[in-house]
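Those protein sequence lines, which keep their order, are chains A and B. Per this note's numbering, the very first residue in the first sequence carries number 1; after that it's consecutive. Per this note's numbering, the very first residue in the second sequence carries number 1; after that it's consecutive.
Some clues are possibly wrong.
[To be verified] Below are the DMTMM-like pairs computed for lysine to aspartate or glutamate, each with C-alpha atoms no more than 20 Å apart in a straight line:
#1 Lys21(B) / Glu264(B)
#2 Lys159(A) / Glu60(B)
#3 Lys159(A) / Glu264(B)
#4 Lys129(B) / Asp140(B)
Keep in mind that the hints were calculated from the coordinates and are not lab data.
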Amino acid sequence: MISFILRRLWLLLPSVLGITLLTFSLIRMIPGDPIEVMVGERTLDPVMHAAALHRLGLDKPLYLQYVDYLRNLAHGDLGQSLITHDNVWTEFKTLFPATLELALAAMMLAVVVGLLAGVIAAIKRGSLFDHGVMGLSLAGFSMPIFWLGLLLIMLFSVKLGWTPVSGRIDLMFDIPPRTGFMVIDAWLAESADPVAYAGAVKDAVMHLILPAIALGTIPMAVIARMTRSSMLEVLREDYVRTARAKGLSPKRVIFVHALRNALIPVLTVIGLQVGTLMGGAVLTETIFSWPGIGKWLIDAIQRRDYPVVQNGILLVAFLVILVNFLVDVLYGIANPRIRHAK
Amino acid sequence: MATQVSSSVADPALNYPSPLKEFWQGFSYNKGAVIGLCFLTLVVFAALFAPLVAPFDPVEQYRDFMLTPPSWSAGGHLRFLLGTDEIGRDMLSRLIYGSRLSLMIGLSAVLTSMLPGILLGLLSAFYPKVLGPLIMRVMDVMMALPSLLLAIAIVAILGPSMLNTIIAIAIVSLPGYVRLVRASAMTELNRDYVTAARVAGAGPMRLMFVTVLPNCMAPLIVHATMSFSSAILDAAALGFLGMGVQPPSAEWGAMLSSARDYIERAWWVVTMPGLTILLSVLAINLVGDGLRDALDPKLKRAA
Numbered sequence: 001m002i003s004f005i006l007r008r009l010w011l012l013l014p015s016v017l018g019i020t021l022l023t024f025s026l027i028r029m030i031p032g033d034p035i036e037v038m039v040g041e042r043t044l045d046p047v048m049h050a051a052a053l054h055r056l057g058l059d060k061p062l063y064l065q066y067v068d069y070l071r072n073l074a075h076g077d078l079g080q081s082l083i084t085h086d087n088v089w090t091e092f093k094t095l096f097p098a099t100l101e102l103a104l105a106a107m108m109l110a111v112v113v114g115l116l117a118g119v120i121a122a123i124k125r126g127s128l129f130d131h132g133v134m135g136l137s138l139a140g141f142s143m144p145i146f147w148l149g150l151l152l153i154m155l156f157s158v159k160l161g162w163t164p165v166s167g168r169i170d171l172m173f174d175i176p177p178r179t180g181f182m183v184i185d186a187w188l189a190e191s192a193d194p195v196a197y198a199g200a201v202k203d204a205v206m207h208l209i210l211p212a213i214a215l216g217t218i219p220m221a222v223i224a225r226m227t228r229s230s231m232l233e234v235l236r237e238d239y240v241r242t243a244r245a246k247g248l249s250p251k252r253v254i255f256v257h258a259l260r261n262a263l264i265p266v267l268t269v270i271g272l273q274v275g276t277l278m279g280g281a282v283l284t285e286t287i288f289s290w291p292g293i294g295k296w297l298i299d300a301i302q303r304r305d306y307p308v309v310q311n312g313i314l315l316v317a318f319l320v321i322l323v324n325f326l327v328d329v330l331y332g333i334a335n336p337r338i339r340h341a342k
Numbered sequence: 001m002a003t004q005v006s007s008s009v010a011d012p013a014l015n016y017p018s019p020l021k022e023f024w025q026g027f028s029y030n031k032g033a034v035i036g037l038c039f040l041t042l043v044v045f046a047a048l049f050a051p052l053v054a055p056f057d058p059v060e061q062y063r064d065f066m067l068t069p070p071s072w073s074a075g076g077h078l079r080f081l082l083g084t085d086e087i088g089r090d091m092l093s094r095l096i097y098g099s100r101l102s103l104m105i106g107l108s109a110v111l112t113s114m115l116p117g118i119l120l121g122l123l124s125a126f127y128p129k130v131l132g133p134l135i136m137r138v139m140d141v142m143m144a145l146p147s148l149l150l151a152i153a154i155v156a157i158l159g160p161s162m163l164n165t166i167i168a169i170a171i172v173s174l175p176g177y178v179r180l181v182r183a184s185a186m187t188e189l190n191r192d193y194v195t196a197a198r199v200a201g202a203g204p205m206r207l208m209f210v211t212v213l214p215n216c217m218a219p220l221i222v223h224a225t226m227s228f229s230s231a232i233l234d235a236a237a238l239g240f241l242g243m244g245v246q247p248p249s250a251e252w253g254a255m256l257s258s259a260r261d262y263i264e265r266a267w268w269v270v271t272m273p274g275l276t277i278l279l280s281v282l283a284i285n286l287v288g289d290g291l292r293d294a295l296d297p298k299l300k301r302a303a
């Protein structure tokens, strides 16, 4: 098992190096050099310009600059924002829990609804419900989620007034950040001081629910489709027939014998959705003014805050690689055939 | 091919159906695909003949009719079928002209990523020692980034414009083509007919493009259709974030972005562009499903 993990880690190395090369060169493809970008429209004294280039090490040959970049990364130095002058890593750390909370909520929704719909559709193959699920999931798959977000706001916030439009919690609550998860922090605060924070948890959940639906729709559609086809495949197997023949209850056959085996391809799909989720978070967070990584990156791009853009993208890519690695390892634990393959 | 010979036989039922007819039989069996094709034809028609179909100029501002609701709802005006936007431009005309942009971006992005994708895919399948793994590692790196984020990053560097949108989407969808072509070329390479061609003295170029490539076309066409729809979706997302086609162009995503401010009082400026995107993307995906059923029977069950 350990050798399997080590082998997988070794395979990650080229990808990780490649990503750093990509983010390194992205920033160098901007027309003009970083100093001009920092100064903006103002004219620059050539001597000062050269001095600034030298100070930042930008007058060295490109490969040395890349080595410098790697060295800084290895020391955990991800640079500073040009706007706030905060460390990029610090900003990432404070904002990441918001994105994680949103992504987890979306994924939970997608898995629960998607699995259930897929299983029922497979059992009732050809029924109206089956056709409904397949049609809806096709629509969900084609859905521009930024539009779905706007529709949700229009219906539930503007028309019905059920949910707030943006942010993570009402401004009248000043929740001390402990875990970074607003729902949990609100719960901690409310249980510590039920009077001052009355209704904080409910408010946090209300803020979370619409963005989670918007972000969860595409994974939900993919999971429902995958579960259905995988269940259909498994239900044809001999061991399912055997289980039925020996008189097990239909529920037990479906949820214990069939679903368990049908889950393997579904798990892979769930792992693959993490990338989609991070991409979708950019759109969802922009629409709902959710203060997470996605909104941070978009704001940075609009303000031409290049260190944030560069290393923010790097961090997100590392995150996706890490999650895929974990899925791989889990898969190896679940399935010995993969672990022992070459 | 053999149909020409058998056409002299008296019983026409013994003839092979022509490839086109066979294809259509497979395709039309899928009802959703036919509906999708009808809608897609409509969109293509509207895009091609936009100046003739659209009732108004897409950038003409009718200042007396700002935010007019669609004609069927209260306060609507028969002149503006789907209503007008915040500065009095006709929604329907903008959507029709927008279809030109979306289809153009989608089509160009598919072509500019498919051609290098085929080449790189074939190369990595034919040279599995050094070149193949090298190409695949680069593709792995590109796939580690969420595609929308990579597209955003590219546009952020190149600057927002229609051309850069196309470039960004083409780069982002490249790995999909490379992996697909490589995988199907590698299966074909083990087949006897390839060995036969090789023994007969076919060079690498001939093997790649004449022997192997035509047999990889079916999954490639299906994938191209699907990536056409995701290109439209990504282009709209970029437009929505203000990083795609710039105003006043009538791009669907950009229309949605400016509609955000009117969400409380003008539902139609929010609903119409999004619905158009959804239906177009859905139609293309349905056509893709149909193509898969018709072209690639092996993939049918995997769907």
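Hints and how they fare:
1. This hinted pair does not check out: Lys21(B) and Glu264(B) have alpha carbons roughly 52 Å apart, beyond 20 Å.
2. At most 20 Å may separate the alpha-carbon atoms for a hinted pair to count; Lys159(A) and Glu60(B) exceed this at roughly 31 Å.
3. The suggested pairing of Lys159(A) with Glu264(B) holds, with an alpha-carbon distance near 8 Å, which does not exceed 20 Å.
4. About 17 Å separates the Cα atoms of Lys129(B) and Asp140(B), which keeps this hinted pair within 20 Å; it holds.
Going down the numbered hints, you'll see the structure goes against 1 and 2, while the others check out.
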